[in-house]
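Just so we're aligned, residue 20 is where the sequence shown starts under our numbering, counting upward by one.
The set of hints was computed from the structure by calculation and includes no laboratory data. Just so it is clear, the structure is predicted and the values come from calculations on it, not from any experiment. Hints are supplied without guarantee of correctness; some may be wrong.
[To be verified] Label-pair ranges, simulated between beta-carbon atoms:
(1) E147 with V478: 37 to 43 Å
(2) E147 with H228: 29 to 35 Å
(3) A509 with D275: 43 to 49 Å
(4) R340 with R382: 55 to 61 Å
(5) K507 with Y280: 45 to 51 Å
(6) V478 with G196: 34 to 40 Å
[To be verified] Straight-line C-alpha distance at most 20 Å; calculated DMTMM-like pairs for lysine to aspartate or glutamate:
(7) K271 with E240
(8) K385 with D441
(9) K52 with D41
(10) K387 with E339
(11) K386 with D401
(12) K52 with E89
(13) K489 with D441
(14) K385 with D367
(15) K489 with E120
(16) K387 with E371
(17) K508 with E492
Even glycine gets a Cβ: it sits at the ideal position worked out from N, Cα and C.
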Amino acid sequence: MPPSLLVLLLLVTGALPGSADDEIVREFRRYFKKFTDTATRVEAIMALEGSETAGVVDVLADVLADGDGEVVRAAVTVLSSFETPTASGALFMRLEEERREAVRVGLLEAIARGGYGGPAEPLLDCLEDKAWNVRRRAIGALAARPGGEHSETLVPLCADREPAVRCAALEGLTALGSAQVLAPALAALADPLWQVRASAVAALGSVRHLDSIGPLIDRMEIEEGRLVEDIGRSLEQLTGRAFGIRTELWRKFWNDTAERYRLPTDEELARTRAARAEAAARYSPPPGAVAYHGIATPSRALLFIVDVSGSMENEVVDRERFKPEDYPTLARIDIVKSELAKTIEALDSAVEFNLIAFATEVRRWKKKAVRANVLNKRSALDWTRKLEAIGGSSKEDLARVGLVGAANLAGGKTNSHGALMDALEVASQRKHARSGKYLVGLDTIFFLSDGRPTHGVLVDTDDILIAVRKANELRKVVIHTIAIGEFKKAFMRKLAEQNGGTFVDLGR
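My request is simple: use the sequences and hints to build the entire structure.
Structure, rendered in structure tokens:
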């Protein structure tokens, strides 16, 4: 046993008894297996929060192998909240002994979230694990450690056989601010998978170096779709110039200045931020870019998600924002359908796209994205025009006279979680993504809704944000959000912010 782990063992086993903590652990062992519903099981786990003993680690480590994602998430939350070395140290001891993949993944996630600075040996050992998800989580735990002394260890993992591990290594080195990310990130610009290239582009924008500018412009000239925008953003972080996705302007700038150029300092960039935003607005996207409700993207792999719940039949309140002559009516659903139809008609033939409509249930137009040729665009337009708000207030009269089936009020709820998980191709019962199965073809989602979630596996907005963030960690899809109607829109704003997107409020 390494000396640091031996010291830790003595610390853990020699801790003070803590009788109240021991008692609640005993009660947990006694009753937890008797609970069957998720809410009660989560509540039982959260009752352990604040207990600082190795016993808490022992009982919750086994819970990490549970198939219920909410239960596992609660266990990780408790395990990441320790404030004493006795409790956090027990995590490292358990990690050293544990061989179950799901448990190792959960322990590593807790160590990373808690920012615990225990012995590095168990984490380094996990970098050699056969399970890619263990290797990925070990990188996150090492990157979260105070001091960041293991940067050099992460560099070889930038070439790991598993795409998610390559991304994690690039992102870990970036989080540490390590210049050692530069060489592997430059090499990863040629990775066959766009998710890895996206991580490399972000790394080169964050860890700023003069030698990154030329290769990024070179890549921009051959890249297609959303990554062109990502590269433009990183080049702006490096140079302070705001040429956006105008490749020709970046090339001219670099041809004219490369030999004498110096990077602006962080202070200089901060001073010119407002001017850059104004300049960016002048460089509108070139032909072929997609625009929806004022959000423009060069993406070539798009998914539009439209809320058709009952409240979408209501008329907008802020009528001055919408010209009546542009829409059949001022009902939210008619405004949304009209704008979506305009966007579909304008899609470039190189774009692949799909549509999802959701209320209580989630419906796809096509099983997979298709090219925006004349036939598919006509089919999409017909599908869009047939969309109707399901089970709205206009149907309540039918329900009152007994025609409940015709009213379909139950079908008009808002299943935001279901729509987003379907969009990200997350199987609801899958415990862990298999190698490569987390990779999706789309890279950009437009999500439009007029209300808070009211139906689905998850309805609490914080829970939905966590679930989407976790799923999108691997997929790296940009999610733009568009809100319409009278409701608190913080959820939609956070959903965009946490997933690299833009939030647009169409008003009430």
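- Query: When the hints from earlier in the document are held up against this structure, which numbers fail?
  - Reply: 4, 10 and 17
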